[in-house]
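**Q** Spelled out from the first residue to the last, the chains are:
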Amino acid sequence: MTSASAFATARPPEPATAVLDVRGLRIEFPIRAKALVAIDAVSFSIGRGEILGVVGESGAGKSLTGSALIGLLEAPGRIAAGTIHLAGERIDNLPEKEQRRLRGKRIGAIFQDPLTSLDPLFTVGRQLTETIRTHFPAMSSAQARQRAIELLAEVGIADPSTRFNQYPHQFSGGMRQRIVIALALAGEPELIIADEPTTALDVSIQAQILALLKRLARTRDTAIMLVTHDMGVIAEVADRVAVMYAGRLVEIGPVEDVVRRANHPYTAGLMASIPPLSRQPERLAQISGSMPRLGSWPTGCTFHPRCTKAGPRCRTETPVLKPAGDTEASCFLHQGGVEG
Amino acid sequence: MISLLATRLTSVVLVMLVVSGLSFCVFNFLGDPVNNILGVNATLEQREELRVALGLDQPTIVQFWRFVERAAVGDFGVSYRNRQPVIDLMLVRLPATLELVLAATLTALLVGIPMGIYTALRPRGLLSRVVQLVSLLGISMPQFLIGMLLILVFSVELRWLSAFGRGETVQIGWWTTGLLTTSGLKALIMPTITLAVFQISMIMRLVRGEMLEVFRADFIKFTRARGLSDRAVYLTHALRNSLLPVITVVGLQVGSLIAFAIVVEAVFQWPGMGLLILQAIEFADFPVMAAYLAFVGFSFVTINLIVDMTYLLVDPRMRVK
Ligand SMILES: Nc1ncnc2c1ncn2[C@@H]1O[C@H](COP(=O)(O)OP(=O)(O)OP(=O)(O)O)[C@@H](O)[C@H]1O
Ligand SMILES: [Mg+2]
Chain G
1 MTSASAFATA RPPEPATAVL DVRGLRIEFP IRAKALVAID AVSFSIGRGE
51 ILGVVGESGA GKSLTGSALI GLLEAPGRIA AGTIHLAGER IDNLPEKEQR
101 RLRGKRIGAI FQDPLTSLDP LFTVGRQLTE TIRTHFPAMS SAQARQRAIE
151 LLAEVGIADP STRFNQYPHQ FSGGMRQRIV IALALAGEPE LIIADEPTTA
201 LDVSIQAQIL ALLKRLARTR DTAIMLVTHD MGVIAEVADR VAVMYAGRLV
251 EIGPVEDVVR RANHPYTAGL MASIPPLSRQ PERLAQISGS MPRLGSWPTG
301 CTFHPRCTKA GPRCRTETPV LKPAGDTEAS CFLHQGGVEG
Chain Y
1 MISLLATRLT SVVLVMLVVS GLSFCVFNFL GDPVNNILGV NATLEQREEL
51 RVALGLDQPT IVQFWRFVER AAVGDFGVSY RNRQPVIDLM LVRLPATLEL
101 VLAATLTALL VGIPMGIYTA LRPRGLLSRV VQLVSLLGIS MPQFLIGMLL
151 ILVFSVELRW LSAFGRGETV QIGWWTTGLL TTSGLKALIM PTITLAVFQI
201 SMIMRLVRGE MLEVFRADFI KFTRARGLSD RAVYLTHALR NSLLPVITVV
251 GLQVGSLIAF AIVVEAVFQW PGMGLLILQA IEFADFPVMA AYLAFVGFSF
301 VTINLIVDMT YLLVDPRMRV K
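From first to last, the protein sequence lines stand for chains G and Y. If you're matching positions, the first sequence starts at 1 in the UniProt record's numbering and goes up one per residue. If you're matching positions, the second sequence starts at 1 in the UniProt record's numbering and goes up one per residue.
Chain G on its own, in the form it takes in the complex (with noise of 0.2 Å):
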């Protein structure tokens, strides 16, 4: 952990040395005459090496982000306005066909639920060493065998030349989770993006599999976007965290300002309602009411019926993410106050 106190401050990455950089991203879903936005005007990066943690209540949009990053947004939903940036390099107009070639070999995916993501009907070895030889095609089979090999003792699986030849029904969800890691790691990228990987799993196997992914931050350089609903999680592994609500980004900074300094009013609710080692706050006690529906967005700051320090202004202007004390905040009380 030489590397971590580069992260002690955890300051957002320079635009230009980022290795994600997401700038005003507005997803739509046209549905008959009308566009529903789902996503609007959210923006951050990740550095190399860095973890940054996205929470939100369900709904809030956070899956939606991590598949517009990976190419993979379901039809009709559509990026219709803002840019993505990996590594300096625009990505979000790439055409199909460019876009693949990113996907699995420079952005990496890890989904939820370890059992239903690997095809129960090939080994493991079979899944690794086609992803393997998808993005290096130079690659003989015996080294893609052998690479396969390398990448599941590097994710902790024992004995990786006997588990080669196994099927994923063979493994516990822990250890499949681990395989899911070793397919992601597989094109060897910069960015890993991680959508609640350890919802699914035991609290124990948990902490193994975070302990791990902080391990390949660490020792890969790689940027890895952590989406979760467990500030638990956050805490423990994150060195930056970004928080969603409604489709948008309203507080972003590092984890010990976000969780101790809170800006944002429904940041502060969100962390004063996580009791100690509860998992999944879906309902937050110290904030009344509930997120509203998409499509049924409240005009100005999304957040200001349920919020206690509204004010005029909320409720006609729409805030942007701004610096505020440590962290960025999208609120007018950091912005010239709530007085219309």
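Read the hints as simulated data drawn from the structure, not as lab findings. Do not take every clue at face value.
Said to hold, decoys possible - Computed list of lysine-lysine pairs in DSBU-like fashion (alpha-carbon distance at most 35 Å, straight line):
id : chain 1 : residue 1 : chain 2 : residue 2
1  : G       : K97       : Y       : K221
2  : G       : K34       : G       : K322
3  : G       : K105      : Y       : K221
4  : G       : K322      : G       : K309
5  : G       : K214      : G       : K105
6  : G       : K34       : G       : K97
7  : G       : K309      : G       : K34
8  : G       : K322      : G       : K214
9  : G       : K97       : G       : K214
10 : G       : K322      : G       : K105
11 : G       : K34       : Y       : K186
12 : G       : K214      : Y       : K221
Given the structure is predicted, the values throughout are model-derived calculations rather than measurements.
Chain G is already provided as a structure; the job is to place chain Y with the ligands on it using the hints.
**A** Relative to the frame of chain G, chain Y with the ligands by itself:
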């Protein structure tokens, strides 16, 4: 896996015993064998003699066991109608039916599966819509009608294909095959299509439905996220997973093809077992009926066994100890 095989084989034996029971009932209790063989004018002594000779004086269970013993070595007695051993009649007819059923199965698979894949990949394409509409026809049209339409067009109007029989055949051992002569192959075309149309439509719809289902699975999304080509995603991962239920249905369908073959053989005067059984029913030829019943039962059981083995081959989850 060994124990799985053992249970399967046990169930095969049990099913075959039940089928034999049914077939024995047809053989023994429908009509009077003595009457059938000697005619109504025989004397009482003659009748008694024959009853003893046929073992009909023994308890039913003994008779049944003898029937099973003889059936096991292919002895189903003598046909009432033409006084030949039933097994000889059957063996002469067997190749014609099996070749027809095999041709229809292959056609159904080779046409149905690709069409299913295509319509799943291009659900909105014009060709997909046409194919689906036609397949609806294929499912709902009665077979004899399809056969007669084919005859009307290709035999009566165009005079391309002969409307009946197997064409020239070649003898290989006891097997007569129509697959080695041009006229034999030509004769196979229309009956095969007639028999296969329903199965093509069925398999196409099944493959399409299963693939659309599998496309939604998490692991397909993950194969895409791994960056695999569309070809690998659809034809390796999605297709293989879609084929599991298809195997089961195709197995059942091949079984029913043997039954459907009766109609097709009647339409095209195809000299197979179907025609034989139709004649046997007409003449109340019970030994032939009993043998046919045993044959159909045996076919179903064998096909089921093959389906189970294929499952073991394709799905590793079935191979757990
Ligand atoms: N195909 C779609 N069509 C219409 N709306 C969609 C579609 N996919 C997602 N949405 C909507 O977009 C919003 C964000 O969904 P998303 O899956 O990103 O939420 P999330 O933050 O990941 O939630 P969870 O924590 O439950 O995973 C939700 O309101 C969802 O209903
Ligand atoms: Mg989600």
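**Q** Taking the hints in turn, state whether each one holds.
**A** Hint-by-hint comparison with the structure:
Note on G:K97 and Y:K221: the hinted pairing holds, with a Cα-Cα distance of about 17 Å set against a maximum of 35 Å. Pair hint G:K34 plus G:K322 holds up; C-alpha atoms about 30 Å apart against a cutoff of 35 Å. Pair hint G:K105 plus Y:K221 holds up; C-alpha atoms about 16 Å apart against a cutoff of 35 Å. Between G:K322 and G:K309 the CA atoms are separated by roughly 18 Å; this keeps the pair inside 35 Å, and the hint holds.
Restraint check for G:K214 and G:K105: the C-alpha separation of about 20 Å stays at or below 35 Å, so the hint holds. Taken as a hint, the G:K34 and G:K97 pair is honoured in the structure, with Cα atoms around 29 Å apart against an allowance of 35 Å. A distance of roughly 32 Å separates the Cα atoms of G:K309 and G:K34; the hinted pair therefore holds under the 35 Å criterion. With a CA separation close to 29 Å, the supplied pair G:K322 and G:K214 stays within the 35 Å bound.
Note on G:K97 and G:K214: the hinted pairing holds, with a Cα-Cα distance of about 32 Å set against a maximum of 35 Å. For the hint linking G:K322 to G:K105, the alpha-carbon distance of about 34 Å falls within 35 Å, and the restraint holds. Between G:K34 and Y:K186 the alpha-carbon distance is near 60 Å, which puts this suggested pair outside the 35 Å criterion. Taking the CA atoms of G:K214 and Y:K221, the gap is near 25 Å; set against the 35 Å cutoff, the hint holds.
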